[in-house]
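Asks: Hey, can you work out the whole structure from these sequences and the hints?
Protein chains in written order, with the working numbering: chain A, 52 to 430; chain B, 52 to 430; chain C, 300 to 628; chain D, 300 to 628.
Warning: the hint list may mix true and false statements.
Said to hold, decoys possible - Only pairs whose alpha carbons sit at most 27 Å apart, straight line, appear in this in silico DSS-like list of lysine-lysine:
hint: 1; chain 1: C; residue 1: LYS338; chain 2: B; residue 2: LYS342
hint: 2; chain 1: D; residue 1: LYS350; chain 2: B; residue 2: LYS285
hint: 3; chain 1: B; residue 1: LYS117; chain 2: C; residue 2: LYS338
hint: 4; chain 1: D; residue 1: LYS525; chain 2: A; residue 2: LYS117
hint: 5; chain 1: B; residue 1: LYS217; chain 2: D; residue 2: LYS498
hint: 6; chain 1: C; residue 1: LYS549; chain 2: C; residue 2: LYS522
hint: 7; chain 1: D; residue 1: LYS338; chain 2: A; residue 2: LYS115
hint: 8; chain 1: C; residue 1: LYS607; chain 2: A; residue 2: LYS217
hint: 9; chain 1: A; residue 1: LYS285; chain 2: B; residue 2: LYS80
hint: 10; chain 1: B; residue 1: LYS115; chain 2: C; residue 2: LYS345
hint: 11; chain 1: C; residue 1: LYS345; chain 2: A; residue 2: LYS217
hint: 12; chain 1: B; residue 1: LYS117; chain 2: C; residue 2: LYS607
hint: 13; chain 1: C; residue 1: LYS525; chain 2: C; residue 2: LYS607
hint: 14; chain 1: B; residue 1: LYS115; chain 2: C; residue 2: LYS607
hint: 15; chain 1: D; residue 1: LYS498; chain 2: D; residue 2: LYS549
hint: 16; chain 1: C; residue 1: LYS345; chain 2: B; residue 2: LYS342
hint: 17; chain 1: D; residue 1: LYS607; chain 2: A; residue 2: LYS115
hint: 18; chain 1: D; residue 1: LYS345; chain 2: B; residue 2: LYS217
hint: 19; chain 1: A; residue 1: LYS342; chain 2: D; residue 2: LYS338
hint: 20; chain 1: C; residue 1: LYS552; chain 2: D; residue 2: LYS607
hint: 21; chain 1: A; residue 1: LYS342; chain 2: D; residue 2: LYS345
hint: 22; chain 1: C; residue 1: LYS350; chain 2: A; residue 2: LYS285
Please keep in mind that the hints were generated in silico from the structure rather than gathered at the bench.
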Amino acid sequence: MSNLTPETEPFSQGKSRALSKEDLFAFAKDPINASMSADAKIKAFTDMVRIRKFEQAALQSYQKGKMGGFLHLYIGQEATAVGPVSVMNENDHIITAYRDHGHALAVGMGMNECMAELFGKFTGCSKGKGGSMHYFAPDKRFWGGHGIVAGQTPLGLGLAYALKYKGIRGCAICYLGDGAVNQGVFHESLNLASLWDIPVIYVIENNGYSMGTSQMRSSVFPDAGLASRAEGYKIEWDSIHGENLYEVRAKTYAAIERAHNESRPTVLEVFTYRYYGHSIADANHQRYRTKEEIRHYQERKDPINVWEQILLEEGVLTKERSKEIETLAKEEAREAVRFADESPFPPPSQLLADVYHSVDNPGTHTNQGTIFFNDQLPF
Amino acid sequence: MSNLTPETEPFSQGKSRALSKEDLFAFAKDPINASMSADAKIKAFTDMVRIRKFEQAALQSYQKGKMGGFLHLYIGQEATAVGPVSVMNENDHIITAYRDHGHALAVGMGMNECMAELFGKFTGCSKGKGGSMHYFAPDKRFWGGHGIVAGQTPLGLGLAYALKYKGIRGCAICYLGDGAVNQGVFHESLNLASLWDIPVIYVIENNGYSMGTSQMRSSVFPDAGLASRAEGYKIEWDSIHGENLYEVRAKTYAAIERAHNESRPTVLEVFTYRYYGHSIADANHQRYRTKEEIRHYQERKDPINVWEQILLEEGVLTKERSKEIETLAKEEAREAVRFADESPFPPPSQLLADVYHSVDNPGTHTNQGTIFFNDQLPF
Amino acid sequence: MAVITYRQAIKDALAEEIQRDDNVFIIGEEVAQYNGAYKVTEGLWKRFGDKRVVDAPISEAGFIGLGIGASFLGLRPVIEMMFFSFVYVAWDQAVNNASSMRYMSGGLINCPIVIRGPANGGTNVGATHSHTPENMIANFPGLKVVVPATPADAKGLMKSAIRDNDPVFVMESTLLYGNEGEVPEDEEYLVPIGSADVKRQGSDISLIAHGGSVLVALEAAAKLKKEHNVDAEVIDLRSIRPLDKATLLKSVKKTHRALLIEENKPFCGVGAQISHIIQREAFDYLDAPVHRISAVDAPAFYSPPVEKVQIPDSQLVLREVRNILNIKA
Amino acid sequence: MAVITYRQAIKDALAEEIQRDDNVFIIGEEVAQYNGAYKVTEGLWKRFGDKRVVDAPISEAGFIGLGIGASFLGLRPVIEMMFFSFVYVAWDQAVNNASSMRYMSGGLINCPIVIRGPANGGTNVGATHSHTPENMIANFPGLKVVVPATPADAKGLMKSAIRDNDPVFVMESTLLYGNEGEVPEDEEYLVPIGSADVKRQGSDISLIAHGGSVLVALEAAAKLKKEHNVDAEVIDLRSIRPLDKATLLKSVKKTHRALLIEENKPFCGVGAQISHIIQREAFDYLDAPVHRISAVDAPAFYSPPVEKVQIPDSQLVLREVRNILNIKA
Ligand SMILES: Cc1ncc(C[n+]2csc(CCOP(=O)(O)OP(=O)(O)O)c2C)c(N)n1
Ligand SMILES: Cc1ncc(C[n+]2csc(CCOP(=O)(O)OP(=O)(O)O)c2C)c(N)n1
Ligand SMILES: [Mg+2]
Ligand SMILES: [Mg+2]
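Replies: Shown next as structure tokens:
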């Protein structure tokens, strides 16, 4: 099923050659891409640039001690979030793991609320309760942001299950990492998805590593890739060069149509790469991979550069416009940092809010009794 | 990899035709079978008969109210336990689920200790603490007897891991049901087994049902069978007609040799059938399957009849000898019931024994303090 | 009021709520075509069909997670655990995901699921199948736990649980399914979550229990009256979280003595928390320390006569009450 | 005695036991080539190689189960949970299989495994990552749970755990890894499992804690002395199961007052069990009810300043002690 040729061999992280011009435009004539307006192409470019600038600003702020916990950067993988979101319809939903900034901005969450969440501020998208790993925007059909590896995979199945149950023509796109395929619950989810014809699309973001463990050391790699395990469940699958937005869009859209028309699941494996460590805590990420490998991806397989190159070729984008977009994104990110900085922290009383719907909405239920059990509270 | 032809079609429970004489003897010339002595053949026959008689006696005793809890009968599947055990070497280990009477007797556990365990007697193999689902005989390299579906699959992996760790040329045969493949931990185990070259053999006993759910309703069935999911982990696999002891032995032995020589895992799927309900509690098992289907297996695919037929053909067995073996097995089972009946129940003080090694072996450790927390004891 | 079984009461609650709300559906192993391992859902598949009553493979983590995700979009899955012990293979989904989603999203997400099934020992199925995890589940802020002891409470609590907008664990007992009792037919009959019930009035000692232990307490109370003219008050917690502190403290302040009875294993069992609350908030009213009776602190024993000893019975309660009240046997 | 960190103390214990017993090996995520997410195993892979220090995929249920099965044949796996919260995806293996095997086999099987890793909040990683399940794990007869607070105890308890023939859960804290303290170099230095430690002598009140809360208690005790001339006795439980009842009861019988401090969520937390034991066995010695301080009863809050409030600190302890002793602030 996969069109991945030995030459492009994304299966061997770090050794794959850059895509040829033929490869890059191989999917340009695909209806979903042929019909893509210049504005839409610019927007996709802008979104990827905004994600990168947001995270670069977040990284700086982290280093200034503005936030706690983890910070997992998505830089290098931007097309994997922006591509699918750019072909989603109004009844399609999305859910991912803890490396969620890209997906959040792609669906339209604001830099301010996202940055404020990192800063643990009350103005954050989760009121400062979730942090970097736990962004949510149900109004944009974005369901997080999940910290437990593969914990989101049955949740994505459930979202799609609900759509089918309600007779809504839509699907759920559920992301997971190459390390997450080793959690059993993902396999349980695949079987259920196929057995019950659930319109869910699993996108394995194979960035070559789970923390310091190369993909080859964590999961047996079938010759056709991890996605090919889908055959054990009679699920359609495909593999994607993550640096080529056209390819990401075309193959994701094919899966969405399958979900909409046949209510069948799909497993997609996107070969991509993260430039930074697993998280900011992962300072020595050059111990388990070489500088050369990182540079290889940055120079020859960067999704933003590749897309810019394509749009320049097509005359849709100019160097000037590109610079301008970058400057604006930087501005927007700087502004978000200022907003986050100036926002207030949540009051301690927030500790007991949003635990129970029934506590937060007294009129709506018949619950009685004591539900919190501290002998005394510190605030 | 599978030699299963459309005609024998074990994939469609209940519609498969009886094996032809060619099929039956197809594996007779296989070295492991060609070298099988007449005594060994008779022993395999005797073991299968003993298992059946033991369980028939257990069923009667259950109906007389002699035991509590569950009783999962193995009747119809006997060759699946006896075949592999008959080709195991002295460093090969075995572990299974709760349908464990067949495996227990096959490895040489006595009918007395097994029957007494069902009766909850102190003379039982687990002192009456485990019951039907929890037989163990470490001295015979039999590690249970496990009630949580698929809970034994990583344990079997661990047994094999320990053998490899210690440099012992052996393997672990780990059984699971067709319903158990839907537990994620089995998939985690498959990946680990292949990734680390662990000499474990997973035997999926596909008897067509998990309780009242036909296999087709519980797990997506790849055209080549459930075992073919092993390909997603680059694990060798095969499928087996469970009524043909020669085939069970030959294919299991091939897997054992792979484990011994290459330290590689194998997944085997045995197509078999249980004549009784899931457990004795499953009284209406003719609601989810037809009398005809049950009769079909009893008449045309019974592993004991098929093996008897083969041995009669070969002149290794006579009708008289066969009858005699059956009579002796009946006798042995009746005696086991008597033994169980006359054995004492465990004293209540046994409640607090075998919980902790350190409690039961005071001299051997430095533990201090209180380890049991009842304010008062009923005995 | 009709006299029906605990099993029937739950079934009626499920049927009424499925009828009432299109978003309610049942999912679990053998719940549909097989009519349920313990026949709690008997007839519901026939009546409501594949969409509302769903047979699931043995993938508890998968279908509990599915239920949580589906609940984000407004569905109200009622997820059956054939045995509650099996929730352990899905523990992360059931307690971590279900309890954290609303909080981590700053209240943007709700998780209106029900996870129900039998959580009891005493049926000779061995250690791995006989867990009573209400204490552990109630440890998680974000979750609710109810444990009905009677048919009426089973129906009223199940209906409240299904209508609740938070995750509710309804812990039943295979040993209670066959018990009969009067149950209001009113389709709006709801037992509020978090309200305990004084199942027997008394002035001499408070027997506090939940689930099957409530019946043990009532049996003991009757014997106490008969044999020692002791009037025991029996409090059925009904709900573990939220907990009706007011009712149990009121009782203890009246009787000045409390004995907690549960099938939980003792260490950090529900009784430990109740004991702490009583001594903390009614210290000056206590004429004796709070006593507890729990299952004998060992894994569940298979052998029927021994497991019988392992689980609290009225004799043990009697013995302990005599002990508290210094009554010679 | 050398002054080393809590992290180094654990590492030394692991290295010494690997050296001492061929059956001991470490398995977990990133423990080998990456040197451990929290560097507890740093250098061990280089020193002992692939066989003794094993990097595992993200399959906790798989490799915990593997460890249990391997232990049947005499291996002594030391299984690292990168965060203890992740044991929830392997809960059935970790608590059900590990606790039941010896019992269900009538004593034929032993399960000498160690499951270790950090179990603490306070690091702003959110609700799903900040669990402290020592109360739940200790609920299972068949399991042992230790929670070292100092480098010396970390080393001595880890070595005892590895040599123990039962499953032992060693619950550490990322917030303690960097703390320094004197640790005996003796390779036979073992802290017996089940022995509490009086970390500070006092006569006015018993502060009972485990893990990181012990340091909070000591800090509070110093302030109490300074500000109110109150002599608090600080008991470090060190082991949750088995539990050193004798030592804590002795202390309470001396001070007549107890305050339990823990990072557990309150409902059925360890403090609930201790509170019950004290009021049950030292009732007549108590001049005041047993008080508890636990984490604020909500999922872990991300925002650093708020999570700081959520977890008990010495100020809160001070406030509560004043409250118990009726001291005006
Ligand atoms: C169940 C569980 N185990 C371990 C972890 C710790 N952990 C967080 S991310 C991660 C690596 C995941 O790698 P991958 O799935 O490839 O995603 P990526 O980080 O590459 O995006 C690990 C081990 C966790 N969060 N949950
Ligand atoms: C985790 C878990 N879920 C559910 C059960 C209840 N249960 C016991 S056996 C069984 C069916 C298993 O079927 P299969 O694996 O095909 O084995 P078979 O009974 O056919 O031998 C179920 C659902 C269980 N024991 N453990
Ligand atoms: Mg990855
Ligand atoms: Mg089966």
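Asks: None of the hints should be skipped; say for each whether it holds.
Replies: Consistency of the hints with the structure:
1. C:LYS338 with B:LYS342: holds, 23 Å
2. D:LYS350 with B:LYS285: Distance ~23 Å between LYS350 of chain D and LYS285 of chain B Cα, so the pair holds.
3. B:LYS117 with C:LYS338: Judged against 27 Å, a Cα distance of about 24 Å means the pair holds.
4. D:LYS525 with A:LYS117: Roughly 35 Å between the alpha carbons, so the hint for LYS525 of chain D and LYS117 of chain A is violated.
5. B:LYS217 with D:LYS498: violated, 43 Å
6. C:LYS549 with C:LYS522: holds, 24 Å
7. D:LYS338 with A:LYS115: Given that 27 Å is the threshold and the Cα spacing comes to 24 Å, the pair holds.
8. C:LYS607 with A:LYS217: Distance of about 48 Å is beyond 27 Å: violated.
9. A:LYS285 with B:LYS80: Violated: LYS285 of chain A and LYS80 of chain B sit about 36 Å apart, past 27 Å.
10. B:LYS115 with C:LYS345: Between LYS115 of chain B and LYS345 of chain C the Cα gap is close to 34 Å, so the pair fails against 27 Å, i.e. violated.
11. C:LYS345 with A:LYS217: holds, 21 Å
12. B:LYS117 with C:LYS607: Holds - the C-alpha atoms of LYS607 of chain C and LYS117 of chain B are around 15 Å apart, at most 27 Å.
13. C:LYS525 with C:LYS607: Distance ~24 Å between LYS525 of chain C and LYS607 of chain C Cα, so the pair holds.
14. B:LYS115 with C:LYS607: holds, 20 Å
15. D:LYS498 with D:LYS549: Measuring from Cα to Cα gives roughly 14 Å; hence the hint holds.
16. C:LYS345 with B:LYS342: holds, 22 Å
17. D:LYS607 with A:LYS115: Between LYS607 of chain D and LYS115 of chain A the Cα gap is close to 20 Å, so the pair holds against 27 Å.
18. D:LYS345 with B:LYS217: This hinted pair holds, its Cα atoms lying about 21 Å apart.
19. A:LYS342 with D:LYS338: Holds, at about 23 Å.
20. C:LYS552 with D:LYS607: Violated - the C-alpha atoms of LYS607 of chain D and LYS552 of chain C are around 37 Å apart, more than 27 Å.
21. A:LYS342 with D:LYS345: holds, 22 Å
22. C:LYS350 with A:LYS285: holds, 23 Å
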